[in-house]
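Enquirer: Let the hints inform the model, and build the full structure from the sequences given.
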Amino acid sequence: GESVGLHLPTLSVQEGDNSIINCAYSNSASDYFIWYKQESGKGPQFIIDIRSNMDKRQGQRVTVLLNKTVKHLSLQIAATQPGDSAVYFCAENGSGGYQKVTFGIGTKLQVIP
Amino acid sequence: GAVVSQHPSWVICKSGTSVKIECRSLDFQATTMFWYRQFPKQSLMLMATSNEGSKATYEQGVEKDKFLINHASLTLSTLTVTSAHPEDSSFYICSAQYGNTEAFFGQGTRLTVV
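First to last, the sequence lines map onto chains A and B.
Each residue of the first sequence is one higher than the one before, counting from -19 in the numbering used here.
Each residue of the second sequence is one higher than the one before, counting from 692 in the numbering used here.
Hints in this document: simulated from the structure, not taken from any laboratory.
All of these numbers come straight from a predicted model, not from anything done at the bench.
A hint or two may mislead.
[To be verified] Label pairs and their in silico Cβ distance ranges:
(1) Lys732(B) <-> Lys51(A): 21 to 29 Å
(2) Asp11(A) <-> Gly744(B): 22 to 30 Å
(3) Ile92(A) <-> Ser706(B): 36 to 44 Å
(4) Asp11(A) <-> Ala693(B): 18 to 26 Å
(5) Leu767(B) <-> Asn(-2)(A): 38 to 46 Å
(6) Gln25(A) <-> Trp701(B): 13 to 21 Å
(7) Ala58(A) <-> Glu750(B): 33 to 41 Å
(8) Pro93(A) <-> Glu778(B): 33 to 41 Å
(9) Gly752(B) <-> Ser54(A): 24 to 32 Å
[Stated by the list, open to error] To give an idea of the interface, some chain A residues facing chain B are shown, with a C-beta separation under 7 Å as derived from the structure:
(10) Lys22
(11) Gly23
(12) Pro24
(13) Phe83
(14) Ile85
(15) Gly86
Note that beta-carbon positions come from the ideal geometry of N, C-alpha and C, so glycine has one too.
Expert: Listed below in structure tokens is the structure:
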């Protein structure tokens, strides 16, 4: 079936550097994407979202890029901090009467002090 | 953002018993609540979707007689794991939303079946 997936299970980044987490999705009909951060033992926390009519959206220290041609999504974190260490999931919010969020595999970001 | 609270945060139960997990939207009315299960080092897998006042819609492969979901009010949904077995040990997470707004997640419930 349709899925949202990640290629890199673990990413180690030096504190202060920029991080880029990638995600591929397979449902070409997806029109809304979300990045979540999950710390150990906690529920997912919303970071940033983007609709399919956009290719870039910026938040505070984070930027999401969407390439619909190759069905690729990325999350860029500027000046990565130790508090950014977590697992990051991209998710697709499907169309339909309700917003069913489908999560990708996840990437563990380790920030090296 | 809106607050979604799960209770308990963790629970240990004996094999064969049932355990109920509550999901509450504290400051908004949730027309839809979702239940997810997450095994260690894996992603969240949607189990079911519940709309207030109607039967839950289960994802393929999820046993509805084993995972009973009740969404009796706009602020509360419950997931009951019946006749729990060790393989049901997992992290259960709910999310809630009002209409087409952003879904807010609970902090999760760690279930351990011994």
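Enquirer: For each hint given before, does the structure comply? Return the numbers of the non-compliant ones in rising order.
Expert: Of the numbered hints given earlier, the structure breaks none, since each of them holds.
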